[in-house]
Amino acid sequence: MPFREVSAKMVEAQVAPGQRLFSQRGAMIAYKGEVSFTPNMQSGQGGVMSMIGRRVAGEAAPLMTVEVPLGPGGPGDTPPGQVWFGHGGHHIQVIELSGDTLYVEADRLLAFDGTLEQGTMFMGSQGGVMGMVRGQVTGQGLFTTTLKGTGGVAVMAHGGVIQLPVTGGRPVHVDPQAYVAHHGDVRNKLSTALGWRDMVGRGSGEAFQLELSGEGTVYVQASEEKL
Amino acid sequence: MFTLVAQFLLQGSKVLAVTLAGDAVKAKNGSMVAYDGQMAFKKMSGGGEGLRGMVTRRLTGEQMTVMEVKGQGTCYFADRASDISLVRLNGETLHVESSNLLCAEGTLRTGTAFTGLRGASQGNGLFTTTVEGSGQAALMSDGPAVILRVTPGTPLQVDPGAYVAHTGSLRQDFQSGVSFRTMFGEGSGESFQIRFEGDGLVYVQPSERNTLGGEI
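The listed protein sequences derive, respectively, from chains G and H.
Offset between the first sequence (1-based) and this note's numbering: plus 135.
Offset between the second sequence (1-based) and this note's numbering: plus 99.
Isolated chain G, as found in the complex (with noise of 0.2 Å):
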């Protein structure tokens, strides 16, 4: 699926017949051709054991189908599709994979290739405690949306997003809040730099960061505010 950055908050995605993409509901700006918008009521593939962990992660962004119906004649019969996203202002950034994992909170995803494999993962499983609190510190749950394949993927961000490769040798830290997205085999942990002195108010504002190890791309926003 061709996704297009048409400015730094809008995005372009080119749909042909019989292809679909997901999308946050809502964030179509305008289309041309013949596309039809419908809900999508269990937010996508996954299986059951994936919508009980939306549920209860509440890792349920609400998405719609977009696709432009096969014509009777075939592939042929009908011209593809043109969709505009965009969503309340925010920065877009296009994310490609090529058949691994892209972890992402679900209410920032903008748009996706229909082919890739959605489910949630428990963060809490990676990093032990510290994993656990960091769904709370984060403000975003224990839970995180993965997307698994070859396609695009259209995130947002508060404020522009720069990509930091992380290598073996050199793990990176973000703070929680700049957080926006990974992808590759990258382990993440919560890191504290929290100490005695931090615990008597004189902390220097950054006390907890992730921290991220192997090798991958971590997305992180030029700001410290939530969507």
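Derived by calculation from the structure, the hints in this document are not laboratory data.
Heads up, a few of these hints could be off.
[Unchecked claim] What follows is a list of derived Cβ distance ranges for each label pair:
1. H:G111 to G:G349: 36 to 44 Å
2. H:G111 to G:P137: 49 to 57 Å
3. G:D235 to H:M143: 55 to 63 Å
4. G:L205 to H:K142: 56 to 64 Å
Built from N, CA and C at the ideal position, the CB exists for glycine as well.
Starting from the known structure of chain G, arrange chain H on it as the hints suggest.
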């Protein structure tokens, strides 16, 4: 002096600098952020000039408060960090939501046009502002506006909340995609659209105003 018309220049994407040499521009009331030189500000009201303009203002709720800025020097305009786009008109008409019009050259005529149901769904009244003539106008948008071209045979559907303005010979009608299912609370969030047909340009912003339609 070769220039006797107002010079519109963007300073970054969110501040408009207008250089005046004794001529005037119309701008959104309260949008001046700075000026140098000699400027005089006079409050006007939207809906067009004359009696007809007054009547339409009453009827339409298209209450745009406009000021006339006249002087020698440079006046800077900005409004709530909105992004600004410049539009040059060569005799055609620009249709714009009154809340999205920042500034227009004094020689341009402003008025109102009936939009039908669409306006009501946007909570903006049944009318929209028109700007016609030759000269420059500045539009505001929440996020940078994108210009989409409509050609005969390829109509464009736009979220009413993301619509900013349009030019050209376009027919617009209001489309409802509300089905039985939508009425029961499982809406896609895309229940209403404005459909544009013909030949022209549509300005859309990457953000949605709150609209009545958006709730359905």
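Practice item. Sort out which numbered hints this structure fails and list those numbers smallest first. Key: 2
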